[in-house]
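Engineer: Same order as they appear, the protein sequences are chains P and S. Take the first sequence: its letters are residues 157 to 503, numbered as in this note's numbering. Take the second sequence: its letters are residues 41 to 381, numbered as in this note's numbering.
Note that these hints are calculated values from the structure, not bench results. Incorrect hints may appear among the rest.
Derived CB-CB ranges, DEER-like [to be verified]:
1) P/G468 x S/G268: 21 to 31 Å
2) S/P221 x P/R242: 18 to 28 Å
3) S/A309 x P/E247: 29 to 39 Å
4) P/G468 x S/G178: 38 to 48 Å
Just so you know, these numbers come straight off a predicted model, no measurement behind them. Beta carbons are placed, not taken as given, at the ideal position from N, Cα and C, and that holds for glycine.
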Amino acid sequence: MGDAEIIPIGPGGRPAARGTGPQPAPGHVAEPAAGAARPPVRTADRGPLDGIPVGEWLAAFQVAAQEVFGDQWEPQLARFLAFLRRRVTGEYVVDEYGFDQEVTERFFMAALRPIAQKWFRIEVRGAENIPADGGALVVSNHSGTIPVDGLMTMVSVHDHTGRFLRPLGADLVFRLPIVSTLARKSGATLACNEDAERMLRGGELVGVWPEGFKGIGKPFSERYKLQRFGRGGFVAAALRTGVPIVPLSVVGAEEIYPLVGNLPSLARLLGLPYVPITPLFPWLGPLGLVPLPSKWLLEFGEPIRTDDFEPGASEDPMLVFNVTDQVRESIQQTLYSLLMERDSVFG
Amino acid sequence: MSTGNVVLVTGVSRDLGRTFARSLAADPSVERVIGVDVVPPRGDIGDVSFVRADIRTPVIAKVIAKEDVDTVVHMSIISTPGSAGGRGTMKELNVIGTMQLLAACQKAPSLRSLVVKSTTTVYGASSRDPAMFTEDMGPRRAPRSGYGKDVAEIESYVRGFGRRRSDVRVTLLRAANVIGPHVRSPISSYFRLPVIPTVIGHDARMQFLHEEDLYAVLRHAVLTDVAGTFNVAGPDILMLSQAIRRLRRPWLPLPGLAVGNLGTTLRSAGLADFSPEQLGFLTYGRGVDTTRMREVLGFTPARTTHEAFADFAASLPTPAARLERALLAAERQLAGGATHG
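So that you can see chain P by itself, here it is in the shape it has in the complex:
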């Protein structure tokens, strides 16, 4: 091999150290044997299309693979190809809600992680309050015009506990094309009593945002004021299954798309709960969809036990309302204390 002329670039003709991958050990890089006697190639010999010989392509590919997958690139690449083959042939399994663990871990989480870490610089507190196994219900405030807070919570929970948060989504999520497919694949299911109880009985970590559209679609002036917590259906589900409720307070999501206006008639026409107007959207077009880089704080509170109530407690509306208020108060208090602590929105 090695029949093209090598023009040294940078120090010693070696590609300059770039990227975050580990540097290949010296000698690994397939350098063409220097000093092999051959006549220099003239430009006339090079047609525009008979370009680079196969050997060069292979060498370049090898170096590239080493850059991307590191020193153990062969087994790494084999694993990646196995993943690709499973996706092409459909030889993977989904659970009964349509949750595709492989694609969630390898694709969705990997895509969202940089946003969580670099863009919103999420700080997680109290992750030890999430049970390591068994059913539990994470109850969170909801904000941000588009439910980005749900996605970020999913990534943060997975990165801090290794568990998958199974969100309960509104009916609208499962009616919209593409969104419904992504939601099911990443582990969501419909927010209804049947599914909530089934998941909790199955020992899943379930996430719920009881404010719903009232929460994410509220004007910027009402930020961090919790809306009504639905009808307390999530508390009844937790009581019936006896799982702990983990309150979660999210600070930062209110500022990503400050909602200053709404187009109710257009929303009715499209069958959406609201059509937002933010300082950037729709004025800047798709660019207006870039969220503002606010700094986020996620605090998981002390779990509230539901297994020490007597059986049939879920049939007592007063008790359900009381527990709902307790969860709501706990989240609201934590929100206020986190806001006091925060220096600035983008800090």
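Given chain P, put chain S in place with the hints provided.
Structural biologist: Chain S alone, transformed into the frame defined by chain P:
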């Protein structure tokens, strides 16, 4: 309980009914199997005695009385207008047929059990569905027309019959989509299309029941003394996109309306038996809980959804999957190279 059964099976002119009646006749604990239908069955019916009768007429009552039938298996519920010759006839056969049959059953003192093959289509398919339907749940939106409405009406007649003849054991089996190498149904002809149209942006969750398992569960219901309503399906879920990839067929995402129109066109061209309920199913899919089937009915299908579908897929000619072979070869070589080096 009942030994020396005389079993009457309706709907034997169609493949599922005929094959089931024949396999039941081969069972030593069943004395006689009588097959009933409007038209004679096309294939071999073995030891089954065929009686040509229309279940929409009172003739069926005479057959039940004369033959001293103690078990009735009702399988003649038709899912597509194409096979019946129009939606009007289909509704007649389904609803009026069931009413007449149940009226005849009510007057038959010898009758001890009734097994009805229903379908999970009764739960409908919508964006507001729970992930897994249990037997106690109903459709989120009551079907207003078509097969779904027929099945809902048939089930309500069966429940009414159960109230009036409480001495008769009534077993209602809600089977998931039956699939297998010999099944001709709307869903199997859909998967046989060379290019499979899908609803853009949606991926349906599906469950299947292998044809052999359908015969097995019906036989089980005839021979075992268990009453009630049961979902019957492979317990696991297959996504539509996954199913199509396993078939190695190309697919074409289209808006929902276009898939419906294409279905209607294909139906009128006689290429695929596409029912309107199918569009909802292909968009949102459906899952049913099978706990009661395992624990109360005491039946477990021999094949899971994945295995049933694999058996169906193996019966189809697959276009050579070149990309898959290339990936497999490259992966083997790399993995092999790593162990050497």
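Engineer: Could you tell me which of the numbered hints above are not met by this structure, giving the numbers in increasing order?
Structural biologist: 4
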